[in-house]
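Protein sequence lines correspond, in order, to chains A and B.
Residue numbering for the first sequence follows my numbering, starting at 7 and increasing by one per position.
Residue numbering for the second sequence follows my numbering, starting at 18 and increasing by one per position.
Quick caveat, the hints were computed from the structure, so don't treat them as lab data.
Just so we're clear, the structure is a prediction, and the values are computed from it rather than from any experiment.
Be aware that one or more of the hints could be misleading.
[Said to hold, decoys possible] Derived lysine-lysine pairs resembling DSS-like cross-links, with alpha carbons at most 30 Å apart:
1. Lys329/A to Lys185/B
2. Lys185/B to Lys281/A
3. Lys329/A to Lys281/A
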Amino acid sequence: MSTTTPPRASGRRAWVGALLVAGLGQTLVTHAAADDSDRIAALEQKLDQSLQLIRQLSARVNDLEAQAAHGTPVATVKRSGAGAAAPVAAAAAPPGTLAATQPGVPAATPPDSAQRLERVEQTVAEMAASAGQHAEDLGMPMHGFADVGVGNHNPEFPQYQGADIAELDFFLTPRLGSRTRALFELNFEVGSDGAVGVDLERAQIGYQFSDSATVWLGRFHTPYGYYNTAFHHGQQIATSLRRPRFIEFEDHGGIMPAHSVGAWLTGSQRFADEKLTYDVYIGNSQSISEGKLDMNNAGNTHGSTIVGGNLGLLLSGALDGLKVGVDVFQTRIEDEDLAPAYVTQVRSYGAYAAYDTDTWEDIAEFHVFDNEDLTGHTGTHRSDAGFLQMGYRAGRYTPYARYERGAFKQSDNYFAAQATGSSYYRTALGLRFDVDLVSSLKLELADTHLTDRLIASYNEALLQYAIRF
Amino acid sequence: MHRCHSQSSDTHRPQQRRPRKQLRSAGPLLVVLQLLSAALPGVWSTRVCASAPQLAELPADWRDDQSQPFDLRTLQGHAVVLTMAYATCHRVCPMTMRRLQQMQRDFDRRGTSAEFLVIGYDPERDDAAAWHQYRETRHLTRSNWHFLIGTRTAVEQAARRLGFEFWKYDEHVMHDTRILYFDERGTLVETREAAGYETTLR
Numbered sequence: 007m008s009t010t011t012p013p014r015a016s017g018r019r020a021w022v023g024a025l026l027v028a029g030l031g032q033t034l035v036t037h038a039a040a041d042d043s044d045r046i047a048a049l050e051q052k053l054d055q056s057l058q059l060i061r062q063l064s065a066r067v068n069d070l071e072a073q074a075a076h077g078t079p080v081a082t083v084k085r086s087g088a089g090a091a092a093p094v095a096a097a098a099a100p101p102g103t104l105a106a107t108q109p110g111v112p113a114a115t116p117p118d119s120a121q122r123l124e125r126v127e128q129t130v131a132e133m134a135a136s137a138g139q140h141a142e143d144l145g146m147p148m149h150g151f152a153d154v155g156v157g158n159h160n161p162e163f164p165q166y167q168g169a170d171i172a173e174l175d176f177f178l179t180p181r182l183g184s185r186t187r188a189l190f191e192l193n194f195e196v197g198s199d200g201a202v203g204v205d206l207e208r209a210q211i212g213y214q215f216s217d218s219a220t221v222w223l224g225r226f227h228t229p230y231g232y233y234n235t236a237f238h239h240g241q242q243i244a245t246s247l248r249r250p251r252f253i254e255f256e257d258h259g260g261i262m263p264a265h266s267v268g269a270w271l272t273g274s275q276r277f278a279d280e281k282l283t284y285d286v287y288i289g290n291s292q293s294i295s296e297g298k299l300d301m302n303n304a305g306n307t308h309g310s311t312i313v314g315g316n317l318g319l320l321l322s323g324a325l326d327g328l329k330v331g332v333d334v335f336q337t338r339i340e341d342e343d344l345a346p347a348y349v350t351q352v353r354s355y356g357a358y359a360a361y362d363t364d365t366w367e368d369i370a371e372f373h374v375f376d377n378e379d380l381t382g383h384t385g386t387h388r389s390d391a392g393f394l395q396m397g398y399r400a401g402r403y404t405p406y407a408r409y410e411r412g413a414f415k416q417s418d419n420y421f422a423a424q425a426t427g428s429s430y431y432r433t434a435l436g437l438r439f440d441v442d443l444v445s446s447l448k449l450e451l452a453d454t455h456l457t458d459r460l461i462a463s464y465n466e467a468l469l470q471y472a473i474r475f
Numbered sequence: 018m019h020r021c022h023s024q025s026s027d028t029h030r031p032q033q034r035r036p037r038k039q040l041r042s043a044g045p046l047l048v049v050l051q052l053l054s055a056a057l058p059g060v061w062s063t064r065v066c067a068s069a070p071q072l073a074e075l076p077a078d079w080r081d082d083q084s085q086p087f088d089l090r091t092l093q094g095h096a097v098v099l100t101m102a103y104a105t106c107h108r109v110c111p112m113t114m115r116r117l118q119q120m121q122r123d124f125d126r127r128g129t130s131a132e133f134l135v136i137g138y139d140p141e142r143d144d145a146a147a148w149h150q151y152r153e154t155r156h157l158t159r160s161n162w163h164f165l166i167g168t169r170t171a172v173e174q175a176a177r178r179l180g181f182e183f184w185k186y187d188e189h190v191m192h193d194t195r196i197l198y199f200d201e202r203g204t205l206v207e208t209r210e211a212a213g214y215e216t217t218l219r
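Pulled out of the complex, with its shape left as it was, chain A reads as follows (with noise of 0.2 Å):
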């Protein structure tokens, strides 16, 4: 997520380029959007037409059914209308049994006349739906999440206080076919330095070859762990007011590679009642640059990677709604706030639980880290991090509780050189109140301490207002 500016001038003429491009894309798509709407209008003309003569058609075969049924001349039957009332014997049948799939043709129908109707009506449909679908894959749908809040400190650099926007998140999901997916998250997002940025969060084209298997290249969230994947920059759908402060994202003072660029294999397998998930990646190892990890967008200097895996369990039955998982994950972070750059091998092994119900959101994480000095002689270090989350779903009220913890070695360059990277614990309570569908109040209080590097605590009042559109 670090953004670095380049040299203004360049900068300046590179933003009207921008900004001449979406100026020209814009015209470009105001004049097909009014291509569009006058095809819209035409198909919409024509849905309407095919939708009449399939009214027709259908009242024209109860028509017909009448007659069969009294064993009346078809020419001399007068039409019943279309809003004749469906065959007693279809009625009858249980819904969805062959029985019933063919209700109403009875044997004294001449079979060549029911026939045609038939083939005429599933054309006449097919022709609707086909005009249907066209008008509705025009255009790309955008969504996505916007929250602000005020408290006693902002949420994410405590440094600040009073009233904050956190972020405003653009979602895009072009369609690009039956298996072809893609994933855009443009997020703006206030930094530590109190300015507003950009970043593309997330960056996948992927291929699905199956429901089992789907390959994304680009930029995503790193699969460790269970909240990472489960919840993501919109804080809307988040029960709690912000992520457990060492899986936040790395410019919000998270202390793992949230998100990785390179190749991610993910799907599940049902087996029995129980579901497997899988994910395995590879991607740009990340770096440590002034105090935060950054992912290295661009690729890094020294080819090295982040290797990592997640295997997790749906169960069903009386256990239903619990996910178990372990995930382990190896990278080589170069600290490049050093010259010469410290050189950190980072080994993550986690475990995680997850039981969501209709009534409760509990979650437990727990990693390990096993680091090793590759260019001092520190030797290795051990740290570990985990927090328990329990939510309680009470219609729109949605109280919890959270408590979370990270016991991170000093001596480890890899923390040492995190701005964020001392240890910590965090008690907090919250309400989350759903307005509506789309937004919702959190409320948390929280107190945090600071365990090594710098001994201090801080108390925490906060409230978020959380949107989707």
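Start from chain A and add chain B according to the hints.
Only chain B this time, still in chain A's reference frame:
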């Protein structure tokens, strides 16, 4: 109460730190606003006129939670209550299901009957086994309740035709809580907002 706070990285480290690069710029805001305004016509164009939907106009071929084919045409002559849901929804869909159960009790009390259809939003994640488990754990096992799985195209067509707006955010489905009531002729006669925020009669 604020007692003390620091965000500094104050470790004892021998090397000189490089000067920090300047971060962030507000300039991209203009570009994205341009792109957003350019994309909006595309967004509106996806909304297809949904005048007087008929059950017969929906895609016909579905599977139920037993993986058996289910043809919507077999519902001719039955009143139908229809909604859409996804199996791992724990905020909105439970409210919808409770509302459906209340409607079922009302029907029973009045001595009338209806077929209840729940169309899955996400056929890639919610297969027949998932819906079967859903029914069992929530005791929604009456034979006139049908949990239907369709192709992605069929689901999207049905949703658009019936006015259900939804979009997927990774494994989450953003959706509303509408309940539709079709009469015995398959004509939509009432639409309700299951969360109780509003009720619309057509």
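Sort out whether Lys185/B lies within 30 Å of Lys329/A, counting only the CA atoms. holds (21 Å)
For the pair supplied as a hint, Lys329/A and Lys281/A, confirm whether the alpha-carbon distance does not exceed 30 Å. holds (9 Å)
Sort out whether Lys281/A lies within 30 Å of Lys185/B, counting only the CA atoms. holds (21 Å)
No hint from the list above goes unmet by this structure.
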